[in-house]
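Undergrad: So the chains spell out like this:
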Amino acid sequence: MAGKYVLVVDDDPDLVETVAMMLESKGCEVGMAYDGIEAEEAVKKRRPDLIILDIMMPRKDGYVLCAELKANPQTREIPIILLTAVGEAVPSTRYSHADGMATEADEYIPKPIDTESLWAAVTSLL
Amino acid sequence: MTAQAALGGFKILKDVARVSLVSKGRTFPETLFRKVAEHKINLPYATLVSDEDSWGLNLVVEALDKEPLCRLILESYGKIFTVAPRSAVLSVFPHRRNPEISARLFEAFEQQKVEPDALANSPSTISVVLKQELIDSASEALFAPFTFSAYQTPRDWKLAQEGKEKLYKEVVASYQEKKPKVYGLEVYEGQHLVQIKLNRAKITHVGASFRSFARLSANLTFLATSPSHEQGKEILAFSLPALQSEAYGRVVKRIAPEIDFQETPSVVIFSMNGPHFGDRYGIVSDLCGSLGSRQVDLLALSCTIASITGVVPRRQCASALEAIQERFEVPSVIKRE
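For the record, the sequence lines run as chains G and E. The opening residue of the first sequence carries number 31 in the numbering used here; numbering runs sequentially from there. The opening residue of the second sequence carries number 619 in the numbering used here; numbering runs sequentially from there.
No lab work stands behind these hints: they were computed from the structure. Just so it is clear, CB atoms sit at the ideal spot from N, CA and C, and this is done for glycine as well. Please note that the accuracy of each hint is not assured.
Okay, derived cross-link-like pairs now, DSS-like style, lysine-lysine, Cα gap no bigger than 30 Å in a straight line [as the list claims (entries may be wrong)]:
no., chain 1, residue 1, chain 2, residue 2
1, G, K75, E, K953
2, G, K90, E, K776
3, G, K34, E, K776
4, E, K851, E, K820
5, E, K632, G, K34
6, E, K797, G, K56
7, G, K90, E, K820
8, E, K799, G, K74
9, G, K75, E, K776
Cβ-Cβ distance ranges computed for the label pairs, FRET-style [stated by the list, open to error]:
no., chain 1, residue 1, chain 2, residue 2, range
10, E, P949, G, K74, 48 to 58 Å
11, E, R868, G, K56, 53 to 63 Å
12, G, Q104, E, T771, 44 to 54 Å
Which chain G residues stay away from chain E? Per the calculated CB distances, all over 10 Å, these [as the list claims (entries may be wrong)]:
no., residue
13, P43
14, E47
15, C58
16, A63
17, I67
18, A72
19, R89
20, N102
21, E107
22, P109
23, K141
24, P142
25, T145
26, A151
27, L156
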């Protein structure tokens, strides 16, 4: 995985740090962003090899960013792993795992995430 | 002039109350946190530091939970040190364990005369508890030493914050598994715990010391403040790698010779990140209960953002990890030096 650049996007900075340290320990380079707008800017600055994207974030959520990146010919090939919040536990929101599955993301990991499953998804997409 | 450091962002949690107390007795924190959990009181911020034979605690709760919390403390202990009803928590990230980030924050607050009431680090974030009326000056102060990729000015930041508070309680309430799931458990071995006792108004005066620790390339693996049993004094507890421990006392004494400085060599820092670990009820209680069941001496603890971090003696590391793994679902333990 040496030299692969992964962008981790979540509004929980501790989760970003945990995932970043896991990826760095495997040799990846890691970019960090904390909302959809910031992630969009980060993608413009440097094209990631993979994006790990939370859905429930301020300013621009993961659904919107995922749809925009997949609609753009310049970014549509970037693999996206969507972190779908709270599984099915909060049915009044549109942030369930089922809602996440309806997007064009390449992989879906429900929260609370299992870092081993996440790493397996990363390796299958890189 | 020092160049600004690029950070990711900062968050502010408003309309919270800080409750501080100093207590005696080995099992008091465990008992109190169990009662807090039983009453389903979320703790967006909690720190605990042992101070000789007593404990200093800083707890932050939503404004509505202030009265129930105070009642529980009075029932358990009989007195409360301080209640600051209109408080806020400002959280700056990521610090990536670099003491330079803490140094810059302390110095910026000192220059702007922003006096923090309490401080604690999570693995990614420095959280500062303040009086709510200081939020504007504190957030403006951040734009001197730091740049934030998501916003150029305090006004940009304010515009970025509209959103999702309504979802917060529903989401927190959804994470009440019987055995809380941890994303990652990191263990920092070979650490050195330092406790500095000083007047609260002077907490930010230690910025220069932290700048020196950064020059030693020492990772800051723990930081928390708590009230001391000495009236008007605050304890700033932090840990750094033991490898250069002889230098830490020299640094602090050179910069502030009057400071009361204590060291605990050979400690271990463990940190668990999990869903809403820094704010949902029950996490601190589960950790204190599990360590208590194995007679592990918890020296200090912080629970903020989405992580809980503890300091224990090196000789009790194995017992502490066994206790944690019994109570929490831990996929893997990552040991770091």
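Undergrad: Go through the numbered hints given earlier and state which of them the structure violates, listing their numbers in rising order.
TA: Of the numbered hints, 1, 3, 5, 7, 8, 10, 11, 12, 13, 14, 16, 17, 18, 19, 23, 24, 25 do not hold.
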